[in-house]
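From first to last, the protein sequence lines are chains A and B. The first sequence runs 1 to 443 under our numbering. The second sequence runs 1 to 443 under our numbering.
Worth double-checking, as some hints may not be accurate.
Given that identical chains are not distinguished, each listed pair holds provided it fits within a single copy or across any two copies.
[Claimed, not checked] Below, a list of computed lysine-lysine pairs in the DSS-like style, where the Cα atoms sit at most 30 Å apart:
no.: 1; residue 1: LYS240; residue 2: LYS287
no.: 2; residue 1: LYS240; residue 2: LYS52
no.: 3; residue 1: LYS287; residue 2: LYS141
no.: 4; residue 1: LYS287; residue 2: LYS365
no.: 5; residue 1: LYS141; residue 2: LYS365
no.: 6; residue 1: LYS240; residue 2: LYS365
no.: 7; residue 1: LYS258; residue 2: LYS141
no.: 8; residue 1: LYS287; residue 2: LYS52
no.: 9; residue 1: LYS258; residue 2: LYS240
no.: 10; residue 1: LYS141; residue 2: LYS240
no.: 11; residue 1: LYS52; residue 2: LYS365
no.: 12; residue 1: LYS52; residue 2: LYS141
no.: 13; residue 1: LYS258; residue 2: LYS287
no.: 14; residue 1: LYS365; residue 2: LYS258
Note that these hints are calculated values from the structure, not bench results.
Number of protein chains: 2
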Amino acid sequence: MSSSISKAALIAVSFGMSVTSMATAQNAPLSAQDSDPRVMGWMEGFPPPPDKLITQPDSNFFSFPKLRWSVCHLREFLPTEEVSRGLGAPVPLDYLTPAEFAETAREIDALTFTPIDGDAPMTWEQSLYANYTDGILILHKDRVVYERYFGCLAEDGKHAAMSMTKSVTGLLGEILVAEGVLDDTALVRDIIPEIGDSAFATATVREVMDMTTGVQYSENYSDPNADIWLYSRAASPLPKPEGYEGPDGYWEYLQQVKPEGNHGDQFHYKTINSDMLGWMISRVTGKSVTELASERLWRRMGAEQDAYQTVDGKGVPFAGGGISAGLRDLGRLGLLMLNAGEINGERLFPADVVDNIRAGGDPAKFAGFPTIPNGSYTSQWWVFHNDHGAFAARGVHGQTIYVDPTADMVLVRFASFPQAQNGFIDPTSLPAYQAVAEYLMSR
Amino acid sequence: MSSSISKAALIAVSFGMSVTSMATAQNAPLSAQDSDPRVMGWMEGFPPPPDKLITQPDSNFFSFPKLRWSVCHLREFLPTEEVSRGLGAPVPLDYLTPAEFAETAREIDALTFTPIDGDAPMTWEQSLYANYTDGILILHKDRVVYERYFGCLAEDGKHAAMSMTKSVTGLLGEILVAEGVLDDTALVRDIIPEIGDSAFATATVREVMDMTTGVQYSENYSDPNADIWLYSRAASPLPKPEGYEGPDGYWEYLQQVKPEGNHGDQFHYKTINSDMLGWMISRVTGKSVTELASERLWRRMGAEQDAYQTVDGKGVPFAGGGISAGLRDLGRLGLLMLNAGEINGERLFPADVVDNIRAGGDPAKFAGFPTIPNGSYTSQWWVFHNDHGAFAARGVHGQTIYVDPTADMVLVRFASFPQAQNGFIDPTSLPAYQAVAEYLMSR
Chain A
1 MSSSISKAAL IAVSFGMSVT SMATAQNAPL SAQDSDPRVM GWMEGFPPPP DKLITQPDSN
61 FFSFPKLRWS VCHLREFLPT EEVSRGLGAP VPLDYLTPAE FAETAREIDA LTFTPIDGDA
121 PMTWEQSLYA NYTDGILILH KDRVVYERYF GCLAEDGKHA AMSMTKSVTG LLGEILVAEG
181 VLDDTALVRD IIPEIGDSAF ATATVREVMD MTTGVQYSEN YSDPNADIWL YSRAASPLPK
241 PEGYEGPDGY WEYLQQVKPE GNHGDQFHYK TINSDMLGWM ISRVTGKSVT ELASERLWRR
301 MGAEQDAYQT VDGKGVPFAG GGISAGLRDL GRLGLLMLNA GEINGERLFP ADVVDNIRAG
361 GDPAKFAGFP TIPNGSYTSQ WWVFHNDHGA FAARGVHGQT IYVDPTADMV LVRFASFPQA
421 QNGFIDPTSL PAYQAVAEYL MSR
Chain B
1 MSSSISKAAL IAVSFGMSVT SMATAQNAPL SAQDSDPRVM GWMEGFPPPP DKLITQPDSN
61 FFSFPKLRWS VCHLREFLPT EEVSRGLGAP VPLDYLTPAE FAETAREIDA LTFTPIDGDA
121 PMTWEQSLYA NYTDGILILH KDRVVYERYF GCLAEDGKHA AMSMTKSVTG LLGEILVAEG
181 VLDDTALVRD IIPEIGDSAF ATATVREVMD MTTGVQYSEN YSDPNADIWL YSRAASPLPK
241 PEGYEGPDGY WEYLQQVKPE GNHGDQFHYK TINSDMLGWM ISRVTGKSVT ELASERLWRR
301 MGAEQDAYQT VDGKGVPFAG GGISAGLRDL GRLGLLMLNA GEINGERLFP ADVVDNIRAG
361 GDPAKFAGFP TIPNGSYTSQ WWVFHNDHGA FAARGVHGQT IYVDPTADMV LVRFASFPQA
421 QNGFIDPTSL PAYQAVAEYL MSR
């Protein structure tokens, strides 16, 4: 589990914070109800009492239970770039009629499933609390059939997408590949000559997209020289410490990555691949990933909110984890994936893009994720290779866009689970999604 | 002029930057055309060349000519809070027909006027460059008759409003006064008991709103203990320096302000009044100024963009200068002021609110602004007491919402003039506005 734990820390430290209390969540965390930020009273009052104040960089703002507030407020701690929806009218999502919606909600809430490795059944509604859900949206046949908000989130709020950001970056990359703008057989050094002697230099674009690069990225917390600390120091938008001589920003870090293993051999979930992909995307398009996400997705999918993305000290968006967005807008993104590039009667990108992602990567290269035993990872999306052909964007603390083509279903969940790694959250999530899918197929 | 210069520095240092190069603009600055950020190439490339990089906190991002880029990108340097427009469809502004619009633009561009204390006439179009205009919008009889963008700004961009933020804060305050929620005859200490022994304690809300408080706020740059430096250190969202024991955040600073002169005697333009007002507004409403601006204005005026507001290290919005917004949305705000609280057929606040502001403060207490010889300041708005009954929101480097009730005109200008103080920009601005007003009245 160490690699998963460190993913959370990576996100955290990339935000320029310390992580000393990152592990405190392990010991009997507060329940979802008790840790609700409205119950905790975080940041309430003008000013809030000192013990209710969440600040950056002093207060470990991304440690549980504070993170239950912070996931909705990242821009208040960090510099960000906008992912603009443009100026037009949003295209509202289609909904069931109110009566149908209420009835469906009752039925879904009462669905039961057995958690992975669990003994006792659990209801869908119980799972929402077990998962520390902040927002959940289910679309079936392109209509919203279920939608609820908890904790810090409301319909007009935004929530950290965490590593679902990678899937946006990967989708943009795959679109560019389909358009012939990005050659996924090219070597990184052919696109970014100044990558120099970095281990990335000789990887192909595809290996970066699929995270099968052989790059060193250690996440050993007890080692103060571990790569994760170097990356975090590089990426922090805060002033560098006195005498700091390391890389400044995501991209300088990528220029000095050492090799580990061989490119193409094995899937290793390492966030630096996503930022490497983001850099290549910007180089071949002349656009930041925020600008491109706006131009290709947010402005064209009827989005109702701008999204935003955190940036490093040089204004480079965090392509591996920086997006915050509205729940429904990620529902729109899910519809685009479900419907192979179409939304609101318009085609935004070739169907091949989604077909390639759905097909998945090489499962033989994929291991180490017990809750995804037959999975693969390609273009920064997780593919389950299950009966329903499901695939997903996933982010630490329980974020997901889960697309089930067989059930014609998109499910989006924002959460603030105490522990970062989805391996702890999947047992009460993946079977629940399957149960909802089967219910919807039976209607 | 020192008080005006230091306004710029206040804004700047409140943003957590150093101001060592703040004064370099005084010496023969580049022209508007030559300092256009697209010509300068700021932040172009992935990554930009080192000499084109604008970073915080190292590179004096708010010094000219960098500020010409930075005024459109504050959120990329600083933590911010959203001023949400909500989720509905924007209400587009009414426009002249394209043919009428083009003809009107030609006629306005060719208008001539004589700058204050100038010898030679200047055309309107020349004034746009003389003023380093980034965006300009003119509404006449509630229709857009003129709109142009320059430099860093586009119709879907946002620009720093600077001290026009004060006027939003003041408008909210005046609305609350009209509703009986905020008593402008109350003393600050009755609303904020923990203001303690601060000089603000015994000022009335009205004196704070009109900036006639007797509070010490020195702006002597050569004195490292000048108040402006203390305020900037308090407000910066960056980590406090080692051993720092001063106030943390805007509000702690306000708690230790020393007296200077008597409350009510004289108008002194001191930004700390705006933050004092913001604090009282939040205390009596239980809402941040961002939330209130959203609820009362942005969500209800048909806004087409969210705005945002910079925050201090504790998440307190900078009520004295932190807003960035779209040009047209400030046009909507101007329409609300012109039409005494109505827009799109809806009344957002009582007409008294605008009547009170238009009536102005006591001109006898107003001095020191040579370009506004008969002016006054009330509720954080500038009142010209001229033939047209014009009043305005104004911010350093040339920002304005200029409302001319006689001409039925609202003019909004974003700019990035090399020098901060509007005293330098007014000579080529105020007579130009008057010329446009007279032209529109003659049509």
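Which earlier hints turn out false for this structure, listed by number in ascending order?
3, 4, 5, 6, 7, 10, 11, 12
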